[in-house]
Structures are given as C-alpha cells and as structure tokens.
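*Asks:* Here's the letter readout for the chains.
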Amino acid sequence: MNADAPIAASAVPLRGRSGSPLQRALGRFLRNRAAIAGLLILAPVLLAVLTYPLWWRHAPNSIDLRALNSGPTASHWLGTDGVGRDTLARLLQGGRISLLIASVSVAISLCVGFVVGAVAAFGGRALDGMIMRLVDLAMTLPPVILLLVLASITGTGILPTIFVISLLSWPVLSRMVRARLLELRERDFVVASRGFGAGLGHLLWRHALPNSLDILVVYATVQVANAILLEAGLSFLGMGIVPPEASWGNMLRAARSTVVLELHPWQWMPAGAALVATVLAINFIGDGLRDAFDPRADIT
Amino acid sequence: MLGFYLKRLAAGLMMLIALSILVFVLLRLAPGDPVDAYLNPLAPLSQTEMDALRQRLGLDRSWPVQYLAWLSAALAGDLGYSIDRAGVRVLPLLVERTGPTLLLMLTGLAMAILLGIASGVIGAVKRNSAIDIGLGLVAFVTISTPAFLNALLGLYVFAVVLRWAPSGGMLTPGAPFSLSDLLAHLILPASLLAVVYSALFMRYMRSSMIEVLNQDYLRTARAKGVGEFAVIVRHALRNAILPVITLIGSTIGIAIGGAIFIESVFDWPGMGLLMVKAVETRDYPVIMGATLLIGAGVILVNLLTDLAYAVVDPRIQVR
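As given, the protein sequences belong to chains A and B, one line each in that order.
For reference, each letter of the first sequence is one residue, going 1 to 300 in our numbering.
For reference, each letter of the second sequence is one residue, going 1 to 319 in our numbering.
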C-alpha cells in the first residue's frame, strides 16, 4: 500500500489506463462485485414497483372483506392487513411513494446544495462565512430532531415530506462542493476565465459543474438511500405519509400495535425486508461509484 | 493552549445563540398564536389579561425584541406551558425525561464503544480474513437498517418469540422499584441502540488501527521481542483509539436519532418519546423546549470531545 506502491504501478503501467477518465471510472465500477450485486437487487425492485398495476390483480386500497388479517394465500401472496387490503399491492405502491419522494427530494437538494456550495466558494469571504455558519448550524442538530420539528410545522403528506427531506439534505452536499471549488477557484483556467470577465453563471455552469460531477453522482446515490430511510422513519412516527396512502414506513408503523407485531408478522416484515434490501443495494452502488471515481484508484 | 480552549468555547457559545435564534424562528413559523404557549389552560384569562400578558412578553413588538424577551425567559428557565398536558410547565417535564434518556444513551454508547473497538481491532489485525469480511458485511447491513426496524425486530425476537425481556417501559408498573427490574427493561433497548452505533465505531476503529499497524515503531517493538498481544494492545491500540474519541462527538446526532426511535418502540419514558408525542399532538412549546435542550446537549458534547481530544493528543496545535 505504501512503500511498494510506485513499483507495483510501474510494473503494470497500462492496466486500466486507456480511455477517458469517465470510461475508466465506469470500467472500475463494472468490476466491483458488490456494486453489481446492488444493481441486480435494485433493478427488479424498480421494475416491479413501476409496473405492478399491469400484472398484480389487487389495488393497494381495495378491500377484500373475506380475507381480513390473512396470511399468505394463493390470492394474496403476502396476506392482507386488518381491513383486508392486499399487503403485496401496498408494498409495491409504498415502494412507488418511497422512491418518488426520495428521487424528487434528492433532485431538489442536489440543485440547492450545488448552488449554495458554489456561491459560497465563488462569492467572496463574507458570503462564504455566513453560508458556512448556516450549514454548521443545520448540521449541529440531530437530523431526526430537525425532521420532526419541520414536519410538525408543515404537516403530513407527500409534498410536505419532500420539502422537509430536501431542506434537511443539502448542507452536507454544499460543504463538499465548496471544498472542491475552493481548490478549483485558484486553478489557472478558472483565473483566466475570470480575467476575461466571466460571470458567476458562466463559472458555475462551465467550470464548477463539470468538475464536481463525481461528487454530485456519489452524493445523489447515497442520498437516495438516506431519503428512503428518512421518509420511512418519518412515516413510522406518523408524520410523513399517513394512511390510507401506503408507504414502507407506515406499514411498519402498524407493528407498533402489539397485536400486529405478535400475531401478524406478515403485515410488517415484508415492508422491512423491502426497505433494507433497497437501501442496502443503493449503498452498495454508492460505495462502488465512490471507489470508481476515486482519483487514487488508477495508481493502486 | 488556553487560546485553543477559549476559541472552542466562543465557537460553542455562538452555536448556542444561533440555535436559540433558529428555535425561536421555527416557533414563530408554527401555526397558532405564540401567546398560547404561556397560558395555563386550567386558568383561562380574560381578553384584557391576555393583552397584558402579550405586552409583558413583548408579543406586540418586533421580532428582535420578542426574541430577546423569549431568550431571557428561557434562560430563567421559563419555557412556557405544555399545550397538550394541561397546566404542566415545559421545563420540569423536560428535566424529568432527561434521566431515562441519558441512562439509555450512555448504556448503549458504552456497549457500542466496547463492541465497536473490539471488533474493529479484530478486523484490522486479521485484515481481509473471513472474520474481517464477515464483520464488515454485518456493519454494512446494520448501517443500512433503520433504527426502528432494528427495534421492531429485536422486540419481536427477544420479547415476543423468546420472551427473554419485557416488551417495553422502564419499570414494571405497580411493582416497587428494584435495580434488577430496571436492568431487565434496559438491556434490550440499550443493546439495540448499541448495535446501530457500534458499526460506526467498528469501521472507524478498523481504518485507524490499520494505519497505526503500518507504523515503524510497531516493527521496532516487535524487533525488540515484545509479544504480539502487547504490541497490539499496548502500542497500537493506544494510538489508534485517539481519533475514535472525536467520533463520539460527531455521531451523537445519529445516536440521539436512534434513541428517539428506540424509545418510541419500547415506550421508554425519555426525551424521544416525549418529543414524538408532542409532535403528534402539535404541542409546540414542548417540541421547541426539547429541541433547544437536545441541541444544547449536542453542542456541549462536541465541545467536550474537542477539548478532551486536545488534552489526550498533545499534537493538536493552536491555530
């Protein structure tokens, strides 16, 4: 790792050295077994969640009065809940909601986090200091506490949940983007560009964005997993998505009743399994991307 | 060195002030009339009395003035009344809940540190062995599992299926207080909190230990004939453990988040359960009081770990 690294590098100088940096990163990613396993778990989940109304006979909110609290049967593969709704249908619909909330909130926090971080880096010292103190403050409070406080103000539902999760997520990204751009700001091509009179918009779009693409991609992946967990936690506490709308979090909330927890594990365990499998898969992919984009990866 | 302490103290103080401003603004953004927080619901006031109270609290003046009035009241320990629990003041309510939460968190933290450091050292020493890879996988899974799911599964397996532990609460209701009863109720939630937390310690400890294991002085120690166990425990561990101290500060937020979920699954009568109930009933004075107290706690812990680190590691220089 340390002393003999240069020797090893010169011994195999050409391995993985062809193509653009992006192609090399992609090659490294595809050689990462955990990341591929993550993709193999995530792809079927995504496909099932997106297409389920085409192939599954029950709707998430239709009630089957002949089957209340039933275990798995030929008609209801994962059983039904206390009012006779099909667990598999709710699981798939819940996945839709979870992934919708996660992807929209990640898109929002990507934009906010990038712009705030870039403005902090390019906007001069006073602005930088102010923004970073704000970020420090936002990162001081435990996320769950901030989440609860904000949710108690905005109320429940899909839009408030998206709003709350995006509001909570951007500070981490803006700190990473700022660190990258502070270094970039001093590079010759950026200094030259400013010398030619480039405005903030041009600097952000032409220089800052392409040079922080790797940060953004890795952040987005990991943050999708985090957002799914945040949404599930919020719904579990009764603050995010509330019934009759399905979500993995509020299906797990049902297990707070002792009867459901003890006697009807079929009503909450599938939601837990889906949650863990999805988050685990996304985290594997995120780790794979981080390693693939690591500039030191070519040397070792 | 003194300068470093003073600088960190000043920064902590600034964070506290900023936190109080944030809580104040959120309190004003919350729906409802802020004066409600100061009304004892058991003793209704007339309109003139309300106006007098409004004036005394400064609610008829600008936000900065209001903030100062609110801050001085909060510093004097007056956080208003709970809306949900008629006639109960917020501060005593919070104080009453602090003990159980601290008990749960400190027990969980102690278990997590022991477990995390031990498994991290094993992982580093037996690097890339089956044990190391297995431990890493377990850590990855626990980090990807939300705390409430851990809590539910733990409750299901140990309290429902195996019946090893009581299924919730801190003491058996009605029974006289006994230490063994408390411990029986504590062990399961604390271990579950520790599981969530120890994965972080393990990962950190492992990489810190690997770094130290590559140092020259360990080769020297081995060359002098020091036994392998003593090399690892006395020479390597002592140095590798230093950065882990800072982790206590920087992950305290995660621990508090985990504790909230675990308290709410296990009906543990702590701050987290209070907070969740308050959010459910939109009891804003309690929400904000708890937020202020928890935020202050986090800032304090961060400050203490920074200072402790500077004491333990003399290489930290005043910048």
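Note that these hints are calculated values from the structure, not bench results.
Even glycine gets a Cβ: it sits at the ideal position worked out from N, Cα and C.
Accuracy of the hints is not assured; some may be wrong.
[Claimed, not checked] Here are the computed distance ranges between Cβ atoms for each label pair: (1) B/Leu179 x A/Gly82: 38 to 46 Å; (2) B/Val161 x A/Thr154: 36 to 44 Å; (3) A/Leu209 x B/Leu29: 28 to 36 Å; (4) B/Gly99 x A/Leu200: 48 to 56 Å; (5) A/Gly157 x B/Ala296: 28 to 36 Å; (6) B/Ile133 x A/Leu209: 48 to 56 Å; (7) B/Leu179 x A/Thr154: 42 to 50 Å.
*Asks:* Hints first: check each against the structure and report whether it holds.
*Replies:* Status of the hints after comparison with the structure:
no.	hint	verdict
1	B/Leu179 x A/Gly82: 38 to 46 Å	holds (40 Å)
2	B/Val161 x A/Thr154: 36 to 44 Å	holds (39 Å)
3	A/Leu209 x B/Leu29: 28 to 36 Å	holds (33 Å)
4	B/Gly99 x A/Leu200: 48 to 56 Å	holds (52 Å)
5	A/Gly157 x B/Ala296: 28 to 36 Å	holds (32 Å)
6	B/Ile133 x A/Leu209: 48 to 56 Å	violated (38 Å)
7	B/Leu179 x A/Thr154: 42 to 50 Å	holds (44 Å)
Going down the numbered hints, you'll see the structure goes against just number 6.
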